[in-house]
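Chemist: In order, the protein sequences belong to chains A and B.
Residue 228 is where the first sequence starts when you use the numbering used here, and the numbers rise one by one after that.
Residue 273 is where the second sequence starts when you use the numbering used here, and the numbers rise one by one after that.
The reader is advised that the hints may include incorrect statements.
[As the list claims (entries may be wrong)] Under 8 Å between C-beta atoms, here's a sample of chain B residues computed to sit facing chain A:
id: 1; residue: Leu364
id: 2; residue: Ala434
id: 3; residue: Tyr446
[As the list claims (entries may be wrong)] Listing some non-contacts, in silico: residues in chain B with all C-beta distances to chain A over 10 Å:
id: 4; residue: Tyr450
id: 5; residue: Pro525
id: 6; residue: Asp543
id: 7; residue: Glu547
id: 8; residue: Ala558
[Said to hold, decoys possible] So the derived label-pair ranges between C-beta atoms look like this:
id: 9; chain 1: A; residue 1: Thr347; chain 2: B; residue 2: Asp510; range: 12 to 22 Å
id: 10; chain 1: B; residue 1: Val519; chain 2: A; residue 2: Ala326; range: 31 to 41 Å
id: 11; chain 1: A; residue 1: Cys385; chain 2: B; residue 2: Ala302; range: 36 to 46 Å
By construction, these hints were calculated from the structure, which means they are not laboratory data.
By construction, the Cβ of each residue, glycine as well, lies at the ideal position given by its N, Cα and C atoms.
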Amino acid sequence: MVSARTLTAADVAATVTDPELPMLTLAELGIIRDVTESAEGVVVTITPTYSGCPAMEAIRADLLTALREAGFERAEVRTALAPAWTTDWISESGRAKLAEAGIAPPGPAPRRAAGPVPLTLGVRDDGVACPRCAHPRTERITAFSATACRELRRCPACREPFEHVKAI
Amino acid sequence: MSFDDAYHSLTDHDDDARWAYGTGFADPLAGVPTALPEGVDRADLAAYCLMLGDDALVMSHRLQQWITRAPEIEDELAVANIGLDLLGQARLLLTRAGEAEGAGRGEDELAYLRDPGDFRNVWLAERADADFGQLVARLLVFSTWRLALLDRLATSGDPVLAAIAAKGVKEVSYHREYAAGWVVRLGDGTDLSHARMQAAIDAVWPLTGELFAPHPTELRLAEQGVAVDPSELRDEFDGVLTEVLRVATLGRPTVPAGPAPGRGRDGVHGDELTEILDEMQGLARATPGGAW
Chain A
228 MVSARTLTAA DVAATVTDPE LPMLTLAELG IIRDVTESAE GVVVTITPTY
278 SGCPAMEAIR ADLLTALREA GFERAEVRTA LAPAWTTDWI SESGRAKLAE
328 AGIAPPGPAP RRAAGPVPLT LGVRDDGVAC PRCAHPRTER ITAFSATACR
378 ELRRCPACRE PFEHVKAI
Chain B
273 MSFDDAYHSL TDHDDDARWA YGTGFADPLA GVPTALPEGV DRADLAAYCL
323 MLGDDALVMS HRLQQWITRA PEIEDELAVA NIGLDLLGQA RLLLTRAGEA
373 EGAGRGEDEL AYLRDPGDFR NVWLAERADA DFGQLVARLL VFSTWRLALL
423 DRLATSGDPV LAAIAAKGVK EVSYHREYAA GWVVRLGDGT DLSHARMQAA
473 IDAVWPLTGE LFAPHPTELR LAEQGVAVDP SELRDEFDGV LTEVLRVATL
523 GRPTVPAGPA PGRGRDGVHG DELTEILDEM QGLARATPGG AW
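In isolation and in its complexed conformation, chain A is listed as follows (with noise of 0.2 Å):
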């Protein structure tokens, strides 16, 4: 029954949470492209982060059960490949949360001028604050970590290490 239902479709996706960023709603994470509703159902189209992103079957599967509990029983997941997800739309709430839980946000997606992709040689200064003592330079350890969206730095200051969300 539509006229039961107090959230739109759109209201509820964008309230489930990222499995492996949980902190974050998909909204926040800035991965859900669109939602329609109609009389043949919801259909939320969603972009990967990552082309192995594990967690994308879960948040189908979040998405799917959320819908049904909100009384869209009819709701399908769509997957938009292009344009690519890049961390620009991880939204400003977004990356609050994440800074509050000790992931530094990424900053702006790297622009590219025509031709190739620049070769990164050696130590950069990516200008990635602490999250916990705000010290304003810090150092990868590794550009991967526990997930493909994040590595892995630490603080000259208070000497923590930490996760960052790079960007990309």
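Model the placement of chain B on the given structure of chain A, informed by the hints.
Modeler: Chain B alone, transformed into the frame defined by chain A:
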């Protein structure tokens, strides 16, 4: 039987269907329009998607073999993540290959039920690494070449290939940076690490020739704006390798890089691919369609 949730399928004891055959994952291209670009030969497009998908799948498997054997835990994470990115690219590309072929084969059939002679990966992807130096040398060559390729493929006339490539560029940029970082660290390190890094580059070098030798399928599709002619990638590749080797104080290999020794694009492979497939396909083949 349908799985929408990988974790659910691993842990749900009420369901007798378990995670065994294939991934149990949903179609990675679910809801992506499957129409083929006009005028493009289905068999050519399928063959091309298999080439790029098999490169990623086989390279991913070799990377996975390093998990628990890498020198530091940070490198365990790195090889696992890089392998996962490539596995994701492989899933998308094999699914697209199946769509283009139009014979009802999905990613699982293509990954698990083809024989070595049906694989189209380059030899570089299947080569076993004698040591960590060879892994990073091979990964530097592979990711430098693949990055140049995907970057051009992002404007492909096939919108699905273009989207897969555009996403892959972001991922492979990190793979190249990781590999280059290690080549520099070992090359510009101790006498021993320098010598072993040089030996690793020399060992991998003869496999580079194949990367730039176009296959007739690639040339036909390149003419239609769907594929990339790999011979056009050589300058960018040489520029990057020259710079990395210079900073790493390594010499450019004297081993001739061509003519192409490998003919992986035609399904001709070494025993090393058979060994990989025995491991990767064993369970799926022993229990066809099995799930528990």
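Chemist: Each hint: holds or not?
Modeler: How the hints compare with the structure:
1. Leu364: The hint holds - B/Leu364 has a Cβ within 8 Å of chain A, the shortest such distance being about 6 Å.
2. Ala434: 7 Å, holds
3. Tyr446: Holds - the Cβ of B/Tyr446 comes within 8 Å of chain A, reaching about 5 Å at its closest.
4. Tyr450: Given that some Cβ of chain A is not farther than 10 Å from that of B/Tyr450, nearest at about 6 Å, it is violated.
5. Pro525: 19 Å, holds
6. Asp543: 28 Å, holds
7. Glu547: Fine: 23 Å to the nearest Cβ keeps B/Glu547 off the interface.
8. Ala558: 25 Å, holds
9. A/Thr347 with B/Asp510: 12 to 22 Å: 18 Å, holds
10. B/Val519 with A/Ala326: 31 to 41 Å: Given about 35 Å between the Cβ atoms, the range holds.
11. A/Cys385 with B/Ala302: 36 to 46 Å: Given about 44 Å between the Cβ atoms, the range holds.
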